[in-house]
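Please take these sequences and the hints and turn them into a complete structure.
Protein chains: 2
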Amino acid sequence: MAMIDPYGSRLYKDYEKVMKDFGLEQLPDLPEENRLMRRGVVFASRDLKPVVKAMEERKPFYVLTGIMPTSERIHLGNKMVVENVAYFQKHGAQTYILVADLEAATARGVSLEEAKKRAMDFHIPSYIALGLDPKKTTFYFQSENSNVINFAYEAAKKITLNEFKAVYGSADPGRIMAAVTQVGDILFPQFEERMPGVIPVGIDQDPHIRLTRDVVNRMKDRKFFSPAAIYNKFTPSLDGELKMSKSRPHTCIELPDDPKKVCKKIMRALTGGRESVEVQRKKGGIPEDCMIFELYKQHLIEDDKELQKIHDDCKAGKLLCGEDKQHCCELMERYMKKLKKDIEAARKNVDKLNFIRF
Amino acid sequence: MAMIDPYGSRLYKDYEKVMKDFGLEQLPDLPEENRLMRRGVVFASRDLKPVVKAMEERKPFYVLTGIMPTSERIHLGNKMVVENVAYFQKHGAQTYILVADLEAATARGVSLEEAKKRAMDFHIPSYIALGLDPKKTTFYFQSENSNVINFAYEAAKKITLNEFKAVYGSADPGRIMAAVTQVGDILFPQFEERMPGVIPVGIDQDPHIRLTRDVVNRMKDRKFFSPAAIYNKFTPSLDGELKMSKSRPHTCIELPDDPKKVCKKIMRALTGGRESVEVQRKKGGIPEDCMIFELYKQHLIEDDKELQKIHDDCKAGKLLCGEDKQHCCELMERYMKKLKKDIEAARKNVDKLNFIRF
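From first to last, the protein sequence lines are chains A and B. Residue numbers for the first sequence, in my numbering: 1 to 358. Residue numbers for the second sequence, in my numbering: 1 to 358.
It cannot be assumed that every hint is accurate.
Pairs involving identical chains hold if they fit within one copy or between any two copies, as the list cannot separate such chains.
What the hints assert, rightly or not - Below, a list of computed lysine-lysine pairs in the DSBU-like style, where the Cα atoms sit at most 30 Å apart: (1) 49 with 17; (2) 117 with 158; (3) 223 with 117; (4) 338 with 246; (5) 136 with 325.
Hints listed in this document are in silico derivations from the structure and should not be mistaken for laboratory results.
Next up, the structure:
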């Protein structure tokens, strides 16, 4: 079985194989699917039925994600997760955002104070700018939530070192501590009241979901619901080589990013263009291989018809890469400006958020 | 190199070998040594010089131990540790007692609430009855001390799984969490102000000391003092076979214990007596092999001259085992009655203790 390393940066092109290897399911039909769901960017799910049932019956359920306040930017992968959180929030989910300041402090050497400051100044306002309803969202800092941490100790007793290695591929003390704390975070909304919950993730985060499900199975008498998950594909790097990552900045778009710089990167992106304009006019381009089209599909174009038209025009040889990149730049520029404004607006109200204090 | 397992119950008879294997030092000269130090029951130390220097120069230093509030009794090993803590307290040490409720909850399945209740009702009053000055002691609950827990996460990042295995002989997630939390506890008094500190332990607890020293070495820029330690020998089981342990109750004395029951156990204890009264009167007894003498030496007789007289009378064949056991019973009965009274008195003032609340 292939190993998914949530800490690595390998790109999974063969999502069907991943689904089979990890026992993931197709995404079931959901009401008013968001852009990512409609377009197969959310490509799989795990145990989503209890969540769908709760949605239909308007019973309590929750959605949860974390903020890792290490850097001063976020990336497009975070954006997709937040959009998926916002989807479930709009459909009635109790919404929890935890700030993984403890993990940031220990794994990345950012002090707890600095991690909190960054989260309040940037990450939380960004998550709100990306679509979270702040009035309906509950926030907490991992380092303050002794309930989660105490549960992490309990969870640690439920798994052996070999089981841990089987899920994560390796085990070292720091990773173990971080992982069992995530187990506590994922189950935290159920500490008071048992209910189904869904964690939107990239596939690289699946080990945390599986570990949590293993721990739940070992605590049958506690009657937790095993967490459900939905999985989004990665945004590829602009050269199409790997998962987009800050470690290769010229192929990476961050949020927010300077519109001018982004434009330069877009101009050098891999497209599905042909060897010459003449050939492309005759044979058409290949949007399936085009990173610009990928940006439209995953992030920039909401309207399916508009996206389809670009797809068709490219295939027909009517839309050439230069013009298309220019269009992408304009959309990106508009997006970045709006995002920056929205972040600033959200920052002003950050002291009014629902923080659980312990 | 022999492995000392702090969770096991093997008895170490060959303390010289243990010292050599683990790189322990002789106990240096200390002012006004207590009964355990004078009699070699405290048989070794590690890196005690900075502590001795701080004592001499009246500079800040600390002594620390933990309470594991699992059972409703403590044992003679705890008694020795508390007596050693009290020794350093009397000589100027800042004194910290942590209640390992988190470890109790996770390792032994006692709920945090129950663990706290037991600590307040029994363990803390007992520690005070055993000689701690409550006015000069700072207490905290592990589960509430987020500073310690956050530090535990950091410590976990500083050690590899193989290093952990080398110190503890094995590694599983629960043990790792408990161990790195103890590292946090041991260094906690230095979080605000760096100073030397000493941890009185049984030799089985040495892995925690070594792990803490390893972590300190990995954090050179933080300038923690490596913890010093002093080591007491085990109290042997009454049949002289093993370390005294609740798992073999007829050879074990707990605190407090019913005086009548204790007396019965004492009557069956291993002594250094001869095959007949006649032989013993002629050749004398062997106090070195006698568990009754061990109880006197470690626990029941404070006055060195009184102890020496018993030793000499036994050797001379003047004191026979029956009479001696009767004497031991009387001392034990008196001790248990006083201890019970002292625990009850301490319990009444338990709400006036210096608890750090977080």
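Inset, instruction - Hints the structure violates: just list their numbers, smallest first. - result: Violated hint (a single one): 5; every other hint is consistent with the structure.
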